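Since the structure of chain A is already known, use the hints to place chains B, C and D on it.
Protein chains: 4
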Amino acid sequence: MIIVMKAGAAKKDRDEVLKRIRELGYRPHVIHGEIRDVIGAVGDERGKTVLQSIESMHGVENVVPILQPYKLASKEVRKEPSVVRISDEVSIGGDRLIIMAGPCSVESEQQIMESALAVKKAGAHILRGGAFKPRTSPYSFQGLEEDGLKLLAKARDLTGLPVVTEVINPETADLVAEYADILQIGARNSQNFALLKKVGQLKRPVLLKRGMSMTIQEFLMSAEYIMSEGNQSVILCERGIRTFETATRNTLDLSAIPVLKEKTHLPVVIDPSHGTGNHHYVAPMCFAAAAAGADGLIVEVHPDPEHASSDGPQSLKPAKFDRMMEKLKLFAEAAGKTL
Amino acid sequence: MIIVMKAGAAKKDRDEVLKRIRELGYRPHVIHGEIRDVIGAVGDERGKTVLQSIESMHGVENVVPILQPYKLASKEVRKEPSVVRISDEVSIGGDRLIIMAGPCSVESEQQIMESALAVKKAGAHILRGGAFKPRTSPYSFQGLEEDGLKLLAKARDLTGLPVVTEVINPETADLVAEYADILQIGARNSQNFALLKKVGQLKRPVLLKRGMSMTIQEFLMSAEYIMSEGNQSVILCERGIRTFETATRNTLDLSAIPVLKEKTHLPVVIDPSHGTGNHHYVAPMCFAAAAAGADGLIVEVHPDPEHASSDGPQSLKPAKFDRMMEKLKLFAEAAGKTL
Amino acid sequence: MIIVMKAGAAKKDRDEVLKRIRELGYRPHVIHGEIRDVIGAVGDERGKTVLQSIESMHGVENVVPILQPYKLASKEVRKEPSVVRISDEVSIGGDRLIIMAGPCSVESEQQIMESALAVKKAGAHILRGGAFKPRTSPYSFQGLEEDGLKLLAKARDLTGLPVVTEVINPETADLVAEYADILQIGARNSQNFALLKKVGQLKRPVLLKRGMSMTIQEFLMSAEYIMSEGNQSVILCERGIRTFETATRNTLDLSAIPVLKEKTHLPVVIDPSHGTGNHHYVAPMCFAAAAAGADGLIVEVHPDPEHASSDGPQSLKPAKFDRMMEKLKLFAEAAGKTL
Amino acid sequence: MIIVMKAGAAKKDRDEVLKRIRELGYRPHVIHGEIRDVIGAVGDERGKTVLQSIESMHGVENVVPILQPYKLASKEVRKEPSVVRISDEVSIGGDRLIIMAGPCSVESEQQIMESALAVKKAGAHILRGGAFKPRTSPYSFQGLEEDGLKLLAKARDLTGLPVVTEVINPETADLVAEYADILQIGARNSQNFALLKKVGQLKRPVLLKRGMSMTIQEFLMSAEYIMSEGNQSVILCERGIRTFETATRNTLDLSAIPVLKEKTHLPVVIDPSHGTGNHHYVAPMCFAAAAAGADGLIVEVHPDPEHASSDGPQSLKPAKFDRMMEKLKLFAEAAGKTL
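Chains as they are written, first to last, in the UniProt record's numbering: chain A, 1 to 339; chain B, 1 to 339; chain C, 1 to 339; chain D, 1 to 339.
Simulated from the structure, these hints should not be mistaken for lab results.
It is possible that some hints are incorrect.
[Claimed, not checked] No more than 20 Å apart at the CA atoms, straight line, and that leaves these computed lysine to aspartate or glutamate pairs for DMTMM-like:
{"no.": "1", "chain 1": "B", "residue 1": "K197", "chain 2": "A", "residue 2": "E146"}
{"no.": "2", "chain 1": "C", "residue 1": "K11", "chain 2": "D", "residue 2": "E306"}
{"no.": "3", "chain 1": "C", "residue 1": "K19", "chain 2": "D", "residue 2": "D304"}
{"no.": "4", "chain 1": "C", "residue 1": "K197", "chain 2": "D", "residue 2": "E145"}
{"no.": "5", "chain 1": "A", "residue 1": "K320", "chain 2": "C", "residue 2": "E262"}
{"no.": "6", "chain 1": "A", "residue 1": "K6", "chain 2": "D", "residue 2": "D44"}
{"no.": "7", "chain 1": "C", "residue 1": "K197", "chain 2": "C", "residue 2": "D174"}
{"no.": "8", "chain 1": "A", "residue 1": "K12", "chain 2": "B", "residue 2": "E34"}
{"no.": "9", "chain 1": "B", "residue 1": "K71", "chain 2": "C", "residue 2": "D174"}
{"no.": "10", "chain 1": "B", "residue 1": "K337", "chain 2": "B", "residue 2": "E89"}
{"no.": "11", "chain 1": "B", "residue 1": "K12", "chain 2": "B", "residue 2": "E34"}
{"no.": "12", "chain 1": "A", "residue 1": "K75", "chain 2": "D", "residue 2": "E34"}
{"no.": "13", "chain 1": "C", "residue 1": "K320", "chain 2": "A", "residue 2": "E262"}
{"no.": "14", "chain 1": "D", "residue 1": "K6", "chain 2": "D", "residue 2": "E55"}
{"no.": "15", "chain 1": "D", "residue 1": "K203", "chain 2": "D", "residue 2": "E306"}
{"no.": "16", "chain 1": "A", "residue 1": "K6", "chain 2": "D", "residue 2": "E80"}
{"no.": "17", "chain 1": "B", "residue 1": "K263", "chain 2": "C", "residue 2": "E262"}
{"no.": "18", "chain 1": "B", "residue 1": "K75", "chain 2": "C", "residue 2": "E61"}
{"no.": "19", "chain 1": "B", "residue 1": "K320", "chain 2": "D", "residue 2": "E262"}
{"no.": "20", "chain 1": "C", "residue 1": "K79", "chain 2": "B", "residue 2": "E34"}
{"no.": "21", "chain 1": "D", "residue 1": "K263", "chain 2": "A", "residue 2": "E34"}
{"no.": "22", "chain 1": "A", "residue 1": "K263", "chain 2": "D", "residue 2": "E55"}
{"no.": "23", "chain 1": "C", "residue 1": "K317", "chain 2": "D", "residue 2": "D13"}
These numbers were taken from a predicted model, which means no experiment stands behind them.
Chain A on its own, in the form it takes in the complex (with noise of 0.2 Å):
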C-alpha cells in the first residue's frame, strides 16, 4: 500500500503514520519527493487489518492499493485455468464451448419440456430455467418455485441435460440444491454475502452472475466469498452492466473477457439475453463472446416469446436458436473450441 501525504505535510505527522503502519505489523519506507513524500507499506495486505483507515489521519492525502484483494479466485494462487465439472459429459472452463439454453422462468410442464427438446436438438449442454424469480415488481410472476423445480428435474431426465436455476435466499438455497446441477447467484444478489456464504458451504457449482454496477474486482470478491467458505467450483457470468445507454437493456462488456482471463483462473461465460435485452441483438453478441474467448454462453430460448411470463423481449425463439448455434460453431472453431 502506499500512503500519499500532503504537500508540506508536517515532519510530526509524517512520524505518525509511520508509528501507526508499524503497529499494523508493515513496514514502511519512506521516499522523499519535491513536492509531498510517498511512503511505502510492505507485507500482505489482505489480512483483518485497516490500512484504509490511515486516510483519516492528519497530513494524509490519500492511500493507494497495490495489491488486488483476492486471493482464492487470483492466478497467484492457480495459473492455469480452472475447469469445473458438471456431470460426466460436461465441464466448464475446457476446450468445448458450453452453451446454456432455456426460458427465463418455467411456466409449465408442456413449456419447458418443449423448450428443453428444442435447446437439446439444436446442441445446448445445458438447460437454464428459472423456478424462484427476482422480480422487480412485487406484482409481477414470481415463478413456479418448487413446482419449478421438479419440472426441471423432469427435463433433465428426458434429456439428459443438467440443470442450471437461481437461488434467491440462503432458506431455499438447500431445496433448489437438491434439484439443481448448478446454482445460479442472479446479478441483484451479486452482493448478497449471506447468499455466497451459504452456497459457498454447499456441493454444487454456482454460476455467479456479475451485479449491474459491479467492477470486474467486486465481482472477483464476490466469487473469493464462496471459495473461502470451501466451494471452489465457481463459474463467472458478465451479464451486461448499467450505464446511460437506452439502446440496450444493459450494456454487455466483453472486454471483461480478457480482463478477467488475465487476472484469475475461473472460467468466464457470457449472458447476451440480459447484456443486451433485445433478441435482435442476441446471435452478434453470441459470436462476439465466442471470438473474444469466453467458456461458454447462456442464451434466453422461449417456445412462444409472445406469451412469456418474463423476458419475452430477449428471447430467441427455438429455430432462430437453431440457426443461430450452426453459426456459432465457426466462431468457436476460429477461437480454437468446439461445440
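Chains B, C and D only, in chain A's frame:
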C-alpha cells in the same frame, strides 16, 4: 401503455397486436401516424399481465409504459406526506429534521457508549451502528453480530436514543428486530427481494437504502415490496450512486430529494458519509440536503476514525460533528424545519 | 409524439394542450385512460417546431417522442448498407473487413515510415496517425501539425495506403483535407457542431468517433449534422464509452454494432485500442468486433511503445499486430467477410 | 509516480525500468515488497515527458500517478480563493452569491428585454442568453447569432446587467467577445481544446461548463488549458453529469462544490436548470447549491416557457424565479454570503 409499430408494419401484424391487447384485458386505440401507427392500450398496467411481451410480436418497434409501476408508495394512494413514528419522541417525515449518527460498526462497549453520548450531546435524535456488516471482502471485519445488537440496546438505555442497524439476512431479521428500533436495508441488498418481503412482515420501521445503480423508479418498487407485505413504515435513503467520477466514493444524488417528494409520500433521508466517502465533504452535503428538503440525515461519527474497523475515512470526529450540527440549524430553519 | 397528462388533469388544461398541438401543425388524438389521458400528436416531429416545450404546460406529466430524430442517417431513407469509397482499392461497408492501423501520433519520419511499412506488410488497408492531437493536458505533446501531415502523405506515397488523421478545428480542416484521405472527428469533438458542419462541407469521407457519454441516438444525430451539410460519406466508429469500470480505460460497447446495423445504413468501425486502453486486450476485442459484424477496425500499432509520445500502453508492437491479423482472418471469414 | 512491478518480475525487467526512469529525468526508489516490487519515481510529473509509457514495459503491472496534473488551477499555486471581476459592481468568488439568469436562447427583442427586466427586478446580477446555440439536432433552432449578441448588448444597456453567452467556435470567438462580459464554454465543448486555447488568449472572463462525462480532474485540466494561454479569469460551472438515472436530465453533482473548493482556487457556479432538466426541481437545487458553498448560480428563466425555442421544460417563469430568490436569501445567509 403505448405500442409503437414499425414503419410500414403490415395490417396483419397490427391486427395480431390488437387481438393480443384485448386478450390481456386492455382496450386498444389506434392512432394512424404519417410514418407508423401507434396503439394506446387502456387499462391498469400494474396487474400480473405481461404487456411487455408484446415487444416480441412481429411489426412492433417498442412498448412504452405510461403508468408508474408502484401503487402503495405513490402519491395516487396518499397525497399528504407520511410521518413514520419511531418512538414517543421521534418521528420522521414531519417538521423536524431528524439526525441519525454514530459509528459505521459497533466495535466495543467503550466505543459505542462514547459515540452514543457524543452524538446525543451534539443533538442527534437516533443512534446508528452496524452489528451485522456486509463487507466487500470476506477477509474484512464482519461485525460483532448479536453482541453488537446487545451493545446498541445498552447504548439506547444509556442515552434514550432509538437505534437503527442493518439487517443482512431473512434468517437473522427477527433477531435484529428484537433489538433495533429501525431496520436498515443496505444498498447491496436493495433488490434482495427475499429480505424485502421478510422486513415487510415485521413490525418495525425500515430505512431502505437506494442501491448503487438503482433508478428512482426501482427504488420505489423496492419500497413497494416492503409495503405490499403490510409494513407501511418505510423511510427512503439516498446514499450516492455509482458513476464514472472517482473524486468521491459515490455521487450523492441530491436531486433525488425533489424527485422523490414529487412521486411518493414516504420520507427521504440522505447519507452524505457513504455518498461522498470523505469526511471533508460531509458537512457541506449535510447542509445541501437540509436545504433541498430532506427529512433526515444519517452521518457516520467515530471517536477515533484512524483506528476504526470500517469506513474511517468518511467518519466525523465528535467535535467536528458538533460544529456541523451548530451550522446545520441555520439551514434547517431556512428550509422551514427545526432540528 | 405522445403527451401524457397528469392523473386528474383538468379538462381546461387538456384543451390548452390540444390547441397548442394544432398550432404547431400536428393532429391530436386523445386516448381516455382509467387514471389519466394520453394524447397522440400526429405529424413529422423532425421539423423545427418544438413539441417538447409542451412539457412546460399545466397538467402535462411528460412528453414521449416516437420518431427517431435523424433522417439521412436512418434506414427509412436508405435500406441497403452504404459503401464509402476511400480510394480505387479501398471501400468501407462492403464485403471486406477494413483494417486501419498505425501509431497514435506521428512523431518522426523514421517512426511513421517504419509503422506504415509494418502495418502494410501485416495486411492493413489504411494508415492511421495523428498530426493534430487533442490532449487532456496542455503540457502534453500536441502533435507535429502540418509537418505531421506531410509525413503521413510521404508514408502514403511509400506504401500506397490511404491515410486517416484527426481534424480538431474548423480553421485547420481545409489543410488536413489537402493531405488526408479520411478526416477523423475525435470522441471529444463528437458534439463540436461547428466542426461537424465544416467537415460536412468538405469532399472527404469522415470517420466519426462516438463521444464518451454519447447515446447511439446522439451519435446518429452527429452523423446527421455532417450529412445535412452535403457529405454522405460518414463512417461511424465506436471507441468505448465511459462507465464506472476502471479495469479498462473505457467500456467498449460492441452491442453498438448490431444496434447501429438495425438503425442506420452507415458503416461501423471499432477501435479496441482506445476502447480498452491496454494492448493485452486489443486482439480479443478485434476478434469479437469482427464476429459481431463490424465493417472495419482501427488499431494502434507502434514500433516502440515504451518510447511513444502518447498512448503507449494500448499500442501493439508490429510482431503482435502481425499475429493478430493472422488469427483475425478466421473470424472475418466466419462472419462472411474477407480481409 | 509509482510503478508497480508484476509479481515475480525478472531483475532484468526491473533494471530496464530503472534505466528508463533515469533517462526521463526522475530519480527512482525501489521498495522491495513481499510479492512484488514497487518503484517510486521522484520528480515533477507534469512536464512533457511521458512516464505513462513505462506501462508498456516488460514486467510492469501498472503506473500510478501521484501528483495532480494541473498547476495554475491548483491550490499549490494560489491558496486563497480567486475573485473574478466581471464589472465595477459584480465579481464572482467573494462574499456574494452571484445569480446569472435569463432564457436559454435569445429569441426576439421583446423576449430578451422582458426577461432581462424580470430577472433584474428579482435580484439577479448577470443576464444569460444564448446567441450561438449548440443543438443536438441540425434541424433545431441554432440561435440568432450576431443579431442575438446585439440584442443582449441592448438588454445590458437597458438593465445594467453584464451578459454571459456561449462561444461555440474559435472563428466567432472574437465577435462574441466584442459583445459579451463573460464567455461561456458549453459542456459539449469542454474538451474542444482549440476553443479553450482561443478563449485563453482573449481578455474576457470564461464560464467553463463541466462536460457530461468529465471527471473533476479533467475539468481542472480544461481550466488549465485556458489559464496556460494567459487568461486566469476562469469560473467553473457544474451542470450535471450523465449517469444511468433518467428521472432527471442529468445528475447534478453537488459534491463537486466541496471537492473543487479543496483542489482549486477558482470560483464554482452551479447550473440546476441543465442539471435537472425540470423546472420543478430547480429551486430546491438552487438552495442546496447555496448551502454547499457555491459562489454562484446560473438559472434559466423564460417569460413563456410553453413557447420557448429550447429548454422550455427546465425554465422558470419570472414569478416563480422571484419567489425562489426570496427564499434563496435565507440559504445564502446561512452559508455566510449575501445575495
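**Q.** Distance restraint between K197 of chain B and E146 of chain A, which requires alpha-carbon spacing of 20 Å or less
**A.** 18 Å, holds
**Q.** K75 of chain B paired with E61 of chain C [C-alpha distance capped at 20 Å]
**A.** 14 Å, holds
**Q.** Satisfaction of hint between D304 of chain D and K19 of chain C, Cα-Cα up to 20 Å
**A.** 16 Å, holds
Q: Verify the proposed pairing of K6 of chain D with E55 of chain D, using a straight-line Cα cut of 20 Å.
A: This hinted pair holds, its Cα atoms lying about 11 Å apart.
Q: Verify the proposed pairing of K197 of chain C with E145 of chain D, using a straight-line Cα cut of 20 Å.
A: 16 Å, holds
(Q) Just to be careful, I want the Cα atoms of K203 of chain D and E306 of chain D compared with a cutoff of 20 Å; is the pair within it? (A) 37 Å, violated
Q: Take the C-alpha atoms of K6 of chain A and D44 of chain D, compute the straight-line distance between them, and say whether it is at most 20 Å.
A: 15 Å, holds
Q) Is it true that the CA of K337 of chain B sits at most 20 Å from the CA of E89 of chain B? A) 16 Å, holds
Q: Starting from K263 of chain D, check that the Cα of E34 of chain A is at most 20 Å away, please.
A: 19 Å, holds
Q) Given the proposed pairing of K6 of chain A with E80 of chain D, does the C-alpha separation stay at or below 20 Å? A) 17 Å, holds
Q | 20 Å limit on alpha-carbon distance, applied to hinted pair K320 of chain A and E262 of chain C | A | Holds, at about 17 Å.
Q | K197 of chain C paired with D174 of chain C [C-alpha distance capped at 20 Å] | A | Status holds; Cα separation ~13 Å.
When the structure is compared with the earlier hints, violations turn up for hints 8, 9, 15, 17 and for no others.
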